[in-house]
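Colleague: Take a look at the letters that make up each chain.
Number of protein chains: 2
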Amino acid sequence: MPPYPSSFLKLVDELARLPGVGTKTAQRLAFHLLKGDPLRAKNLAQALQNLHQTTHSCRQCFNLAEAELCTLCADSDRDTSLLCVVEEPQDVSALERTGEFKGLYHLLLGSISPMNGIGPDDLKVKELLARLDPGSKVKEVILATNADVEGEATALYLARLLKPLGLKVTRLASGLPMGGDLEYSDEVTLARALQGRREV
Amino acid sequence: MPPYPSSFLKLVDELARLPGVGTKTAQRLAFHLLKGDPLRAKNLAQALQNLHQTTHSCRQCFNLAEAELCTLCADSDRDTSLLCVVEEPQDVSALERTGEFKGLYHLLLGSISPMNGIGPDDLKVKELLARLDPGSKVKEVILATNADVEGEATALYLARLLKPLGLKVTRLASGLPMGGDLEYSDEVTLARALQGRREV
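Protein chains in written order, with the numbering used here: chain A, 117 to 316; chain B, 117 to 316.
Everything labelled a hint here was simulated from the structure, so no lab data went into it.
Misleading hints may appear alongside valid ones.
As the list makes no split between identical chains, a pair holds if one copy fits it or if it spans any two.
For lysine to aspartate or glutamate, the following EDC-like pairs were computed, each having C-alpha atoms within a straight-line distance of at most 16 Å [to be verified]:
| # | residue 1 | residue 2 |
| --- | --- | --- |
| 1 | 255 | 195 |
| 2 | 218 | 191 |
| 3 | 126 | 182 |
| 4 | 218 | 207 |
Excised from the complex, chain A in its bound form (with noise of 0.2 Å):
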C-alpha cells in the first residue's frame, strides 16, 4: 500500500475511475490539488455536486438543458423548418461551431449497434417521429450520425422511414477532410469523395 493518508488514497481511487487516467496520472492530479489552493479543490467538488441536480435533457430534443426547453430549442431565431439528426450532445457542439446551421437539432441520444445491442427502440426515433408529425413546420431532416458503420446504418434506417412522410431528408456529405491529401487518404473516403463530386 502506498504510504499515503486515506482521504488522499480516496481522491486518487476516484480520479482513476475517470476514463483515460490512470493510477499515475490520477496521483498527479491529485497531488496538483492538494499542493494548490484548497478553494480549487472546493471549486471542483461543487460543480460535481451540481452536475446531476441541474444538468437534465431537453423536453423536445434531448440536449443537454437546464430548465425544460435547452438553449436552442427556446430560441425563437432558430429557423423552425430544418430539422438535425445526430447522436450525442457533443455532435450539437461540434456544428454549433461550424456556425452554418441555424435550425433546430434531435438527438438519437445513440446509434443503431446490433453489437452492442441496440436497436431503433433504444433511441429517440419515436419522440422524432412525434415532432414530425404533419402539423410540424419541418421541411428538410439533415441526417448527422457518424460517417462509421453504426452511424451509416441509423441513417439509412431513419432515410427509409422518413421519405415517406414527404419530407427532403439529406445526409451530410463524405469525402476528404480540409488539408487532406489523396495519397494518403482510405479508400472508401476516396471513393464517396468521388460519389459526391460536384460541378464548379
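Starting from the known structure of chain A, arrange chain B on it as the hints suggest.
Modeller: The following block gives chain B in isolation, referenced to the frame of chain A:
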C-alpha cells in the same frame, strides 16, 4: 458559446484547469460523469471536499499524513538508523514500492533551484539538521534527490552540510536503467555507469 447548460460548462471549466487536461478532455470527462451513475460524481466531489481537511504534513518527515505523524514515522518496525532524504511525497511512494528500504524518510518538499528562486531556506533543511542532532539514532543518510541538475545540486549541498556531523552520507547509484541499451543511453548516464562500476 457551446450549447450546454452553465452547470455543465462550469464543470468542464474546472476540469480543464487540471494539468494535462485541455477543454476537449475536460468535456469528455464531464460527459462521462454526466452519463454515469450520479453516485460516482458525488463520491469524487466528496473526496475533493475531504482532501485539504484531512491531509496534513507529517510533523517529523513532512510526508502526507492524516494524524500528526505519517504511517511510516508512526511505524515502530522501521529502522531509525537509516534516513532517506527525498524531494517530494511521490518519491517516498516510489522507494516504498521497491521494498528495499526499511528506514525513515525526510522530505525537503522541493530542490535547490536558483532559476526558480528556491534556495536551501525554502526547503526543509533546517528541520533535517534538527533531526540529526547528536542525540539522534541516525547513522546513515541516503541522499535520494532526483538525478537532474537541481537534485544533484541539492545532494551536493546537503553532503557538504552533513559530512562534518560524522554521519555516513550516501547517494543513490547512477547508471544504466534496467533493460537499458548501451547504444541508446546518453553520454552522461554512461559516464556515471562507468564511474560507478562494481566488481562482480
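Colleague: Now look at each hint and say whether the structure bears it out.
Modeller: Results of checking the hints against the structure:
Taking the shortest Cα distances, residue 255 and residue 195 sit within 16 Å of each other inside one copy (10 Å), while across copies they are farther apart (80 Å). Proximity of residue 218 and residue 191 under a CA criterion of 16 Å is satisfied intra-copy only: 10 Å inside one chain copy versus 66 Å between copies. Taking identical chains as interchangeable, the C-alpha atoms of residue 126 and residue 182 lie at most 16 Å apart only when they sit on different chains, with a minimum of 13 Å there against 31 Å within one chain. In this assembly of identical chains, residue 218 and residue 207 lie within 16 Å of each other by CA distance solely inside one copy; the values are 15 Å within and 54 Å between copies.
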